[in-house]
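Participant: As a plain string of letters, each chain reads:
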Amino acid sequence: MADNKLDKKVKLYTKPFSFHVNVDSFLPATEEEKRQQILLRESTSFWKDGFHRLWKNKVAMTCVFVLAIIILSVIFIPMVWPYTYDDQLGVNQGYPVDSSYNNLRPLEYGQTELDLIASGESVFPHLFGTDAAGRDYFIRVIYGTRVSLSVGLFASLIVLVIGTIYGSVAGYVGGKVDLFMMRVVDIIYSLPDLLVIILLSVVFNQLFKDALSGTILASLGANMISIFIVFGLLYWVGMARLIRGQILSLKEQDYVLAARSIGASHSRIIRKHLLPNSISVIIISTALQIPSAIFTESFLSFIGLGVAAPMPSLGSLASLALSGVFSYSYRLIIPALFISFIVLSLNLLGDGLRDAFDPKMKA
Amino acid sequence: MDSKLLSYILKRTLLTIVTIWLIITITFFVMNMIPGGPFLSEKAITQEVQDVLNAKYGLDKPLVVQYANYLKNLLHFDFGPSIKLRGREVIEVIMEGFQVSGKIGLMAAGIALVLGVSFGSIAAINRNKLIDNTIMVSTTAFVAMPSFVIGSFLLLLFCVYWQVLPSVGSEPGGLVLPVIALALYPTAYITRLTRSSMLDVLQQDYIRTANAKGVSYVLMIYKHALKNALIPVITYAGPMIAYILTGSLVVEKIFSVPGLGRQFINSITNRDYPLIMGTTIFLATLVVLMTLVSDLMYKVVDPRIDFS
Numbered sequence: 002m003a004d005n006k007l008d009k010k011v012k013l014y015t016k017p018f019s020f021h022v023n024v025d026s027f028l029p030a031t032e033e034e035k036r037q038q039i040l041l042r043e044s045t046s047f048w049k050d051g052f053h054r055l056w057k058n059k060v061a062m063t064c065v066f067v068l069a070i071i072i073l074s075v076i077f078i079p080m081v082w083p084y085t086y087d088d089q090l091g092v093n094q095g096y097p098v099d100s101s102y103n104n105l106r107p108l109e110y111g112q113t114e115l116d117l118i119a120s121g122e123s124v125f126p127h128l129f130g131t132d133a134a135g136r137d138y139f140i141r142v143i144y145g146t147r148v149s150l151s152v153g154l155f156a157s158l159i160v161l162v163i164g165t166i167y168g169s170v171a172g173y174v175g176g177k178v179d180l181f182m183m184r185v186v187d188i189i190y191s192l193p194d195l196l197v198i199i200l201l202s203v204v205f206n207q208l209f210k211d212a213l214s215g216t217i218l219a220s221l222g223a224n225m226i227s228i229f230i231v232f233g234l235l236y237w238v239g240m241a242r243l244i245r246g247q248i249l250s251l252k253e254q255d256y257v258l259a260a261r262s263i264g265a266s267h268s269r270i271i272r273k274h275l276l277p278n279s280i281s282v283i284i285i286s287t288a289l290q291i292p293s294a295i296f297t298e299s300f301l302s303f304i305g306l307g308v309a310a311p312m313p314s315l316g317s318l319a320s321l322a323l324s325g326v327f328s329y330s331y332r333l334i335i336p337a338l339f340i341s342f343i344v345l346s347l348n349l350l351g352d353g354l355r356d357a358f359d360p361k362m363k364a
Numbered sequence: 022m023d024s025k026l027l028s029y030i031l032k033r034t035l036l037t038i039v040t041i042w043l044i045i046t047i048t049f050f051v052m053n054m055i056p057g058g059p060f061l062s063e064k065a066i067t068q069e070v071q072d073v074l075n076a077k078y079g080l081d082k083p084l085v086v087q088y089a090n091y092l093k094n095l096l097h098f099d100f101g102p103s104i105k106l107r108g109r110e111v112i113e114v115i116m117e118g119f120q121v122s123g124k125i126g127l128m129a130a131g132i133a134l135v136l137g138v139s140f141g142s143i144a145a146i147n148r149n150k151l152i153d154n155t156i157m158v159s160t161t162a163f164v165a166m167p168s169f170v171i172g173s174f175l176l177l178l179f180c181v182y183w184q185v186l187p188s189v190g191s192e193p194g195g196l197v198l199p200v201i202a203l204a205l206y207p208t209a210y211i212t213r214l215t216r217s218s219m220l221d222v223l224q225q226d227y228i229r230t231a232n233a234k235g236v237s238y239v240l241m242i243y244k245h246a247l248k249n250a251l252i253p254v255i256t257y258a259g260p261m262i263a264y265i266l267t268g269s270l271v272v273e274k275i276f277s278v279p280g281l282g283r284q285f286i287n288s289i290t291n292r293d294y295p296l297i298m299g300t301t302i303f304l305a306t307l308v309v310l311m312t313l314v315s316d317l318m319y320k321v322v323d324p325r326i327d328f329s
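Going down the list, the sequences are from chains L and F.
Using my numbering, you'd call the opening residue of the first sequence number 2 and step up by one each time.
Using my numbering, you'd call the opening residue of the second sequence number 22 and step up by one each time.
To be clear, the hints were calculated from the coordinates, so they are not data collected in a lab.
Don't take each hint at face value.
Taking lysine-lysine and the PhoX-like style, the derived pairs with C-alpha atoms no more than 25 Å apart in a straight line are [said to hold, decoys possible]: (1) K57/L - K150/F; (2) K93/F - K82/F; (3) K320/F - K32/F; (4) K234/F - K248/F; (5) K150/F - K59/L; (6) K32/F - K177/L; (7) K25/F - K177/L; (8) K150/F - K77/F; (9) K244/F - K320/F; (10) K93/F - K105/F.
Full structure from sequences and hints, please.
Facilitator: Here it is, written out as structure tokens:
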């Protein structure tokens with residue numbers, strides 16, 4: 002077999018300078034050549050590599066663990082908890098208001114609950130006591146965390162979508178369009194965001210109050226809607242700048258030229274070639290956007306422009322607790338600790354993601 | 022000064038003016054979107070009274086004319102009268118509040134700069150030692166705390182548990198806690214900023230040169246390292262002022278300080294529209310101007326920066 006092949010080679014390779022195609026190049030590969038193609042190590046993908054690094058980062062994994070516990074508990078605890086966030090325990094249909102339920106300290110019981118316990122029945126304890134209106138404080142904190150987390154998540158999603166589209170179009174098209182689009186970004190970037198948010202929240206609150214009543218969105222409140230709108234209007238600029246910078250440098254790469262030469266459309270080049278290659282920047286800045294959104298929401302709730310009562314948020318719980326801080330300080334400490342832990346873990350996780358996914362960080 | 026720098030300054034200033042104009046415009050039209058107008062909350066108001074009031078405040082004219090009038094008045098720093106605080110001009114209210122808030126803000130900014138730069142340098146010089154780790158852990162924690170959390174904890178510790186300081190800002194010594202509450206976050210931020218830029222600078226060749234020619238350690242840190250490490254800190258000046266201003270909204274609420282922040286929150290709850298507009302425009306302009314100053318300083322201080 003081997004001899005046969007060698008003969009063929011010699012026979013075909015007679016005219017080295019002729020324009021005939023050298024048929025040798027098209028012969029089937031020998032076993033030895035095939036063996037050379039076997040990889041020593043399995044090639045690792047971008048995601049595998051990144052998650053491997055993240056897995057080894059102890060701080061980041063602790064944060065993932067803490068966040069997972071918090072997220073699971075805000076999803077599942079409201080399903081099994083016997084009290085709800087707006088249930089005033091002292092108020093029952095047909096009975097006078099039982100004020101013994103208001104301002105319970107942790108693990109204390111109201112009058113009728115004490116009677117039940119005396120008669121031998123078990124009553125679910127109020128872990129954090131109740132608030133001034135007799136509502137179970139633990140479940141309010143859980144709901145508040147739920148609101149804060151979902152605001153952070155949705156706001157970052159809005160920022161992600163708008164920022165990515167705007168930034169990639171500006172970077173890809175370039176020229177005058179880019180110049181104009183970036184001027185707009187510069188101006189929005191220099192607006193003092195919190196002041197504009199406050200202003201818009203005040204106005205949207207007035208505008209949407211009537212339009213919202215009766216819809217599902219009503220329980221969220223006009224303020225929440227306006228926070229989302231404001232995030233959609235203002236906060237995408239940072240993301241847009243980042244993406245544009247990435248696209249600007251990536252679009253000069255050869256694979257973009259190759260894609261264009263085989264007739265790929267502009268949107269396909271952006272979607273399939275440019276954005277996947279800037280994915281690390283996108284992941285990192287989205288992760289760091291979430292805590293900043295939570296900060297903003299809690300700030301607004303604290304000054305009375307956040308979610309509509311009775312829906313709690315961590316900021317509004319802290320704000321309400323401030324009036325009774327001398328007697329019931331734990332009511333301030335609990336939501337404050339929750340928000341600090343969430344923001345801290347998200348910040349550290351963001352740093353961990355940067356270390357894991359940023360190609361520049363790789364040693 | 023070369024022409025590139027000059028054109029940068031010009032461009033940046035123009036952009037700032039456009040931004041301020043945009044803020045005024047947004048504020049004006051957004052406020053006018055509110056249905057009913059400012060006198061709606063007044064009870065049992067007859068049509069004639071309403072008309073008189075509208076005529077008095079120029080609200081009967083078309084919106085564009087009102088806008089032009091408002092712009093013209095703003096040029097004379099005339100923000101119009103407050104609607105809920107009878108007989109008072111908005112600019113008076115703002116100036117009165119700003120005297121208090123400005124004092125707190127300046128003190129907080131000063132403390133943050135001094136402490137932040139010192140801690141940051143100390144951490145960088147003692148890299149990976151116990152003191153560096155302590156500083157980094159505590160700044161990481163402080164950066165994760167919203168201003169209202171910091172303010173609330175200070176209130177709890179110093180006013181409720183230890184009872185060493187007054188909880189009301191108007192009492193003597195009452196401004197100590199608001200200043201600390203405002204300064205903590207920027208201090209932590211500046212510390213981290215200074216540390217990372219100091220670490221960068223300490224690896225530069227000119228530091229090695231200074232070392233090699235026998236410059237004393239203290240002199241090297243002060244003259245060679247710190248000077249260069251402070252450049253990034255300048256860029257934070259603008260955002261820091263913005264943070265302190267918005268932070269003071271919360272802190273003044275917590276400690277009952279009679280400043281601009283509390284006035285702003287009150288005007289929001291009272292729906293005092295001219296006061297909301299005036300305060301927003303005032304604060305926003307201040308922030309934008311401070312950002313401009315810090316950006317320009319940054320470019321002037323560091324000649325290596327490219328202006329294109």
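Participant: Are the hints correct? Go through all of them and say.
Facilitator: Right, here's what the structure says about each hint:
no. : hint            : in the structure
1   : K57/L - K150/F  : holds (23 Å)
2   : K93/F - K82/F   : holds (15 Å)
3   : K320/F - K32/F  : holds (13 Å)
4   : K234/F - K248/F : holds (19 Å)
5   : K150/F - K59/L  : holds (20 Å)
6   : K32/F - K177/L  : holds (17 Å)
7   : K25/F - K177/L  : holds (21 Å)
8   : K150/F - K77/F  : violated (69 Å)
9   : K244/F - K320/F : holds (20 Å)
10  : K93/F - K105/F  : holds (23 Å)
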